[in-house]
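> Residue numbers (the numbering used here), protein chains in the order written: chain A, 1 to 411; chain B, 412 to 828; chain C, 829 to 914.
Think of the hints as simulated: they come from the structure by calculation, not from any bench. There could be a bad hint or two in this list.
[To be verified] BS3-like mimics (lysine-lysine), calculated; alpha carbons at most 27 Å apart, straight line:
{"hint": "1", "chain 1": "B", "residue 1": "K725", "chain 2": "B", "residue 2": "K454"}
{"hint": "2", "chain 1": "C", "residue 1": "K882", "chain 2": "B", "residue 2": "K454"}
{"hint": "3", "chain 1": "A", "residue 1": "K49", "chain 2": "B", "residue 2": "K537"}
{"hint": "4", "chain 1": "C", "residue 1": "K882", "chain 2": "C", "residue 2": "K831"}
One letter stands for each residue in the lines below.
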Amino acid sequence: MSPTTAVVTGLGIVAPTGLGIEEHWQAVLAGKSGISRITRFDPSEYPTKLAGEVAGFTAKGRVPGRLIPQTDHWTHMALFAAESSLADAGVDPTELPEFEMAVVTSSSSGGTDFGQHEMERLYQNGPSWVGAYQSIAWFYAATTGQISIRHGMRGPCGVICAEQAGGLDAIGQARRLLRTQSQLVVTGGTDSSLCPYGLVAQLPTGLLSTSDSSDRAYLPFDTDAAGYVPGEGGAILVTERETTASARGLGKGYGTILGYAAGFDQSERTDRKPVLASVIRRALDDAQLNTADIDVVFADASADPKQDLVEAEAITEVFGARGVPVTAPKTLTGRLFGGGAPLDVATALLALRDGVIPFTAGPNRLANGIEIDLVLNTPREAQLRHALVLARGYGGFTAAMVVGKGDRAAS
Amino acid sequence: MTRQVAITGVGVVAPGGVGRENFWGLLTAGRTATRAISLFDAKDFRSRIGAEVDFDAKAAGLTAQEIRRMDRAGQFAVVCAREAIADSGVDLTGMDPGRIGVSIGSAVGCTMGLEEEYAVLSDGGKRWLVDHTYGVPHLYGYMVPSTLAVEVAAEVRAEGSVGLVSTGCTSGLDAVGHAVQLIEEGSADIVIAGATDAPISPITSACFDAIKATSPNNADPEHASRPFDGTRDGFVLGEGSAVMVLEDLESAKARGAHIYCVVGGYASRSNAFHMTGLKPDGREMAEAIRVALAGAKLNASDVDYINAHGSGTKQNDRHETAAFKASLGHRAYEIPVSSIKSMVGHSLGAIGSIEVAACALALDRQVVPPTANLHTPDPECDLDYTPLTARDHKMDAVLSVGSGFGGFQSAMVLARH
Amino acid sequence: MSKFDLDDLRAIMRESAGVDEDIDLNGDIADIEFTELGYDSLAVLELASQVQRKYSVPIPDDAVHEMLTPRAAVDYINKQFSIAGV
């Protein structure tokens, strides 16, 4: 490990599977789904009626009262997750150099619910009805800005948008900063687009599941795969330089960010082949690891039959047919957009910690041509050293990240 | 050794004219492109002024399908990318697509498309449960700002790192900074980088009305954007895009490319103070400037021109004047400073890249663009802001800065090669 | 009797700008500056615009500079009522 190796020292989880690390992790191991009929609004008239809502989350009591009306639900969740994550890391930001702490989050669609409310006031009543907070709540940088202010982090803060792949890109950027200018970076992301316009905007892609059966709606790699279920939430990670973490006796924390690569897929619009396999290879090279060193793959698992096949073929191309266990706990949460990949990274780190691969709840019959070892039905115990996390975002974004086992024991 | 990054192509869509040379013509003439908003009916708004682009998508070369698919911000970016690539003379088809990256900045993404469709699906705001049967095919592309990067990546067939950077009004500077990092660390050999925003729509205008950030000088739109002037009363909302070709300096030299400048250094800091408010001392911007200069291995005395954020709000212009003094010392008094927002308005995330484009052109042509509308000195803004008239000036290194909602403060040093 | 009193303001503050956990809005807050109560300039702008909408009384741009404390805000708002002849 080099002094600037990126170590994950804190996790803050706000997910349909639970609030907090252990609640989420136990739900994942038990295959307890957070997907149910949408309660935030009446979805009756829409073809998609299911979502992964974070049922137990209310901002009151978890977010400073003054910040609640200023920010969207997506930022509320991130503020809570960031605070939890910093507490989990046992770090006091006032004790670190202010310019050497940064915040880098991913956002897919910004403050969607807040924005729809303000547009409604504008179109119903006129411009003077748009509130002062619209200027700071809707835009994609709201979460990073609020976390930076709340915790006094004055380093090179940023925001990356790449739909579902953006979470890995944000963590990749955090690692880049740890190698150069920063000691600690709060990273990851959350998203929430569970308002009518946020849901409806996704419908024309044809990628959403329209099933009403919560345990059969999101079935990646299955013969019955018919789209994804949207969800909300995500994870905020505290990443630090190895030296900074060691100074507090944290060693390798939950684990290390060993490799990252990003690419862009043109296969849907040109005759180029998909880039996922080459992105995986670049991430492995970046981590200086071989395929044999990877013990589990957390799949992007779009549940679009064509994209499932692309992903399975890439995994098979790199690791061989059924050459590595693959899992997709996101079937319990739905796709979380900017929050999805950070939650997968958090879950992967917990899997490494406990030596157990969570199973993919839902699928039971793999589609033709899917030659992967998808972990089904029950968690699989294994000696785990490294996990590979994959993420793809709408339009072609493709990213891969390799994380290594840390030395933090379950509390 | 770290690789150096050259800017070899520049494409601009800005108020006052489409295309790089129209843009430069406007700047050097000191003309303003601010006017009464025509993009929507603004009669009920506090600020009814905008810096609009007279943009004919078809004349700009976009196909019928591109025009249907892309929101205005996307159209701007793709037109700019084409101009930049043609300008650089680079043959992307001969390159490994995996080594081509894209880094696009935007503060508000495809807000215009998103809002126009909202108005339809909600039937004029009447339906909270918006009517999904009216959803256009590309609606999700408007919801996610990453679409803007997708469109540019599709245009250039990039298969390397592609991303959309969204740090409010520093998005454009940060997107170019991100591109520089990708090339320096070896993740890409060439990155199509810049930013785009098309925020002159009712919802964005209304949100700036609500916080009284935009100028209410509706009687005199041409003179409403008055950075550093004692009578300034807010920024004028603009729109536009600039996209540039950034490449590894050695490769650019090897193919005999025209090199506008190299990006010497870049840094970003946050004030962790307030989402919209600025402390008068400019401390975090000053730190970003110092780090950017150190990255360029230059001293304050090497800076020959500052392209200011200069938004024309009371607090911003005072804030950055303090930042220039804190970071550059007496040098701040010796060199020209200017704000092109006086002429092209403030296009939120896009303006940072438009200002980098202006710096590249300024270095290349050795002319400092002026600050238009600057007649009344402000005792708190006491530097040489290059009032009214462009100036021939010998420049080897220039500084461009930006400041954004969320507390972002960014600085970039560009140098002649 | 004034048209708009401190309790009206308290209601708007709670509703539109949220409450800092360490502040008792029911307490004697009339002469404490908004910034000390946890309300920044955006919050005061939001208060002003809520008053404007709820009571249909115009609040000029410079209100923020006048409304430094809850008492000043109540006075200022009542002055606007009388100017508007409401």
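> Next step is simple, just say for each hint if it's right about the structure.
Cross-check of the supplied hints:
Restraint check for K725(B) and K454(B): the C-alpha separation of about 25 Å stays at or below 27 Å, so the hint holds. A threshold of 27 Å between alpha carbons decides the hint, and for K882(C) with K454(B) the separation of about 22 Å falls inside it, so the pair holds. A C-alpha spacing of about 22 Å is found between K49(A) and K537(B), which places the hinted pair at or below 27 Å, so the restraint holds. For the hint linking K882(C) to K831(C), the alpha-carbon distance of about 13 Å falls within 27 Å, and the restraint holds.
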